[in-house]
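Colleague: So the protein lines, in turn, are chains A and B.
Counting from 1, position 223 in the first sequence corresponds to residue 222 in numbering that gives the first Met the number 0; the numbering is continuous, with no gaps.
Counting from 1, position 332 in the second sequence corresponds to residue 331 in numbering that gives the first Met the number 0; the numbering is continuous, with no gaps.
Just so you know, the hints here were simulated from the structure itself, not pulled from any lab data.
Don't take every hint at face value.
Below, computed lysine-lysine pairings styled on DSS-like, alpha-carbon distance capped at 30 Å [as the list claims (entries may be wrong)]:
no.: 1; chain 1: A; residue 1: Lys82; chain 2: A; residue 2: Lys21
no.: 2; chain 1: A; residue 1: Lys126; chain 2: A; residue 2: Lys138
no.: 3; chain 1: B; residue 1: Lys183; chain 2: A; residue 2: Lys20
no.: 4; chain 1: A; residue 1: Lys63; chain 2: A; residue 2: Lys90
no.: 5; chain 1: A; residue 1: Lys78; chain 2: A; residue 2: Lys229
no.: 6; chain 1: A; residue 1: Lys82; chain 2: B; residue 2: Lys269
no.: 7; chain 1: B; residue 1: Lys269; chain 2: A; residue 2: Lys78
no.: 8; chain 1: A; residue 1: Lys129; chain 2: B; residue 2: Lys269
no.: 9; chain 1: B; residue 1: Lys269; chain 2: A; residue 2: Lys63
no.: 10; chain 1: A; residue 1: Lys82; chain 2: B; residue 2: Lys183
no.: 11; chain 1: A; residue 1: Lys253; chain 2: A; residue 2: Lys26
no.: 12; chain 1: B; residue 1: Lys269; chain 2: A; residue 2: Lys145
no.: 13; chain 1: A; residue 1: Lys229; chain 2: A; residue 2: Lys253
no.: 14; chain 1: A; residue 1: Lys32; chain 2: A; residue 2: Lys82
Being a predicted model, the structure only gives us computed values, none of them experimental.
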Amino acid sequence: MSEILLDIRNLSVSVRESQYKKNILSKVNLQVKGQNILGLVGGSGSGKTTIGLSILRLLAPALKTEEGVILFKGNDLLKLSRKDMCPIRGKEISMVFQEPLYAFNPVFRVGDQIEEVLIYHEQMKRKERKGYVLNLLEKVGIPDPKRAMQSYSHQLSGGLRQRAMIAQAIAANPNLIIADEPTSNLDVTRQAQIMDLFRRLKTQLKLSILLVTHDLGMVKHLADEIAVIKDGTVVEQGETRQVFNRPSHLYTCKLLEALS
Amino acid sequence: MSKQRKSKTQFQLALENYKKNGFAVLCLVILIVLYGGAIFADFFAPYTYLSESRDNSYAPPSKVHFFDEDGLITRPYVYNRVFHFDEYKRRIYEEDLSRAYPIRLFHKGEEYKFLGFIPMDTHLFGVEEPGMLYLFGADSRGRDVFSRLLYGARISLSIGLIGVSISFSIGLLVGGIAGYYGGKIDNVLMRLCEMFMMVPGFYLMLALRAAVPDDFNSFQVYLAIVVILSFIGWASLARIIRGMSISLREREYVLAAKAMGMTDIQIIIKHILPHTVSYSIVAVMLSIPGYILGEAALSLLGLGIQDPLASWGNMLSEAMAIAHIRLHPWILMPGVLIFLTVMSFNVIGDNLRDCLDPLLKGEKK
Ligand SMILES: Nc1ncnc2c1ncn2[C@@H]1O[C@H](COP(=O)(O)OP(=O)(O)OP(=O)(O)O)[C@@H](O)[C@H]1O
Ligand SMILES: [Mg+2]
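Extracted from the complex, chain A is given alone in its bound form (with noise of 0.2 Å):
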């Protein structure tokens, strides 16, 4: 029903440590569909947060991206320049953190800095822009609104700064983004809560997401695909109900076996 809007193809990323080379991705094969919701499930320290950056060429520097395309709507993004990536990041492709307390500025108003995205992507007057974002939040479910744009991160309880996050993230209308375990640090209801937003969001918005998590149950429910990975390799990519009922991998089958 959807075409590939993100298609990554033999992605590999290795880290250099003073005399050798390791790859911490090898030949990664990923797609994201348009309006769909892709879990990429795989153990800690698999490379599931390095696939996401590199999709936002946000590396840290001693990693190297070696070879393979990234193409998002069809334009590979290991091409463009530095400059060029700008207008991508937040307005095309944006990202959601797993902390939101570290991923906003302690020292600005969280409402000030959803603000910023529309600063850098929209031309909004100032008046309209404060009314958006009290929209956004409003969107994302945020009781009071008006309250949480006044607030220091520190201030809002986990929940609330996990919604906020994604209220930034969604605040540019991107077509996709990158989710790295958005509710690893929220308890069971709230973790149900982001799951619902997250439906939500894709329907209202046309969105894709690339849900990262190490949690096979959140995916089960929420992700249209699944792609396993392990040890920096996709071993597995296919639609929920199918690998949830015939995993072609060992790897898969375990993961589930420690599921159930």
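Chain B with the ligands: place on chain A using the hints.
Modeller: Frame of chain A, contents of chain B with the ligands only:
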């Protein structure tokens, strides 16, 4: 109670802590008075910095009388002075009791442009011609030291502020960039800083001053001095900001800002430098005295602001000979003001550090 605490911003908390130190509050008041005097100098000063009266060379401070001949309290007044020469041909001033000159508020005197553009001739106080009012005495050419101090404050006090803002902009930007990018850029910028730091400040100042063309008018000289002074302070600040910037760039909100599409320079300005604010404010306060002293030193040597423009430094150059200080101690007044200003900035800076530094804050409780 907890609600109240929450609603206080960091700034309010810092202000509260600040007020606990009475001496620092006093210093703040001193600075406000001095800067107020500088801004409204032409209104507060009974004369302009140019008005001279050779008959009153080194006239001592006018005695302000509050009682008339009958010992009754009256509106304050002064007498004019007449002089005769003593055996060393020095002028000895005596009050000329024949006519009293009452001090008038909102006296109409010499014309001036208020704040540089509103023509006015009202001074806060003054005495009628031919009376002369010398609150702090007169200098060698019979110019009112009090008036010249006020005009001089404009130059001496503003030079610190302008100089510090130039050198801090350079220092913050260079330090921010060096720390943020690291690698080669960092290396080049830091070696550059070291080059500036290696040369002793005062000699660098003299060397740069020598490079200023002779035919500059006084305003250009003023600007040149500001630029020269700001060339000196930025390097050490840049090094410290660089250190902070190195640790700040690893913060996750910097990554988040990048993921949002902000460019590097926007990130440096919006997310790195604001975190150095509390350090910078203190550093600014503590380094302003350096600029004021720098100007004073240049002017004292005759390399700075040129007569007849007044600055505290060039006014002080009259006090270079010990004989003058002994005979006319009031020409040391600019030195007193320099001392007060420098002390106030230092005390304020110290106190700000105490109330902004979160580590010390815990200790104090
Ligand atoms: N800057 C770096 N320098 C060296 N090695 C790195 C760096 N960043 C990541 N790595 C290595 O890359 C591998 C993959 O890391 P990554 O953060 O992508 O894992 P992850 O799947 O996100 O794990 P987690 O579930 O714990 O978040 C790890 O082995 C890690 O040690
Ligand atoms: Mg990770």
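Colleague: Each hint should be assessed against the structure and marked as holding or not.
Modeller: The hints, checked one at a time:
For the proposed pair Lys82 of chain A and Lys21 of chain A, the alpha carbon gap of about 29 Å is at most 30 Å, so the pair holds. The hinted pair formed by Lys126 of chain A and Lys138 of chain A meets the criterion: a straight-line CA distance of about 19 Å does not exceed 30 Å. With a C-alpha separation of about 23 Å, the suggested pair Lys183 of chain B and Lys20 of chain A falls inside the 30 Å cut-off, and the hint holds. Annotation: proposed proximity of Lys63 of chain A to Lys90 of chain A holds, straight-line Cα distance about 25 Å (limit 30 Å).
Under the criterion of a C-alpha separation no larger than 30 Å, the hint pairing Lys78 of chain A with Lys229 of chain A is consistent with the structure, at around 27 Å. Taking the CA atoms of Lys82 of chain A and Lys269 of chain B, the gap is near 18 Å; set against the 30 Å cutoff, the hint holds. A threshold of 30 Å between alpha carbons decides the hint, and for Lys269 of chain B with Lys78 of chain A the separation of about 28 Å falls inside it, so the pair holds. Restraint check: the Cα-Cα separation between Lys129 of chain A and Lys269 of chain B comes to about 19 Å, which is no more than 30 Å; the hinted pair holds.
The suggested pairing of Lys269 of chain B with Lys63 of chain A holds, with an alpha-carbon distance near 28 Å, which does not exceed 30 Å. Of the pairs offered as hints, the one joining Lys82 of chain A and Lys183 of chain B holds, with about 20 Å between alpha carbons and a cut-off of 30 Å not exceeded. Annotation: proposed proximity of Lys253 of chain A to Lys26 of chain A holds, straight-line Cα distance about 22 Å (limit 30 Å). Between Lys269 of chain B and Lys145 of chain A the CA atoms are separated by roughly 23 Å; this keeps the pair inside 30 Å, and the hint holds.
Proximity of Lys229 of chain A to Lys253 of chain A is assessed by CA-CA distance (about 12 Å); at most 30 Å being required, the pair is judged to hold. A C-alpha spacing of about 26 Å is found between Lys32 of chain A and Lys82 of chain A, which places the hinted pair at or below 30 Å, so the restraint holds.
Checked against the numbered hints above, the structure violates none of them.
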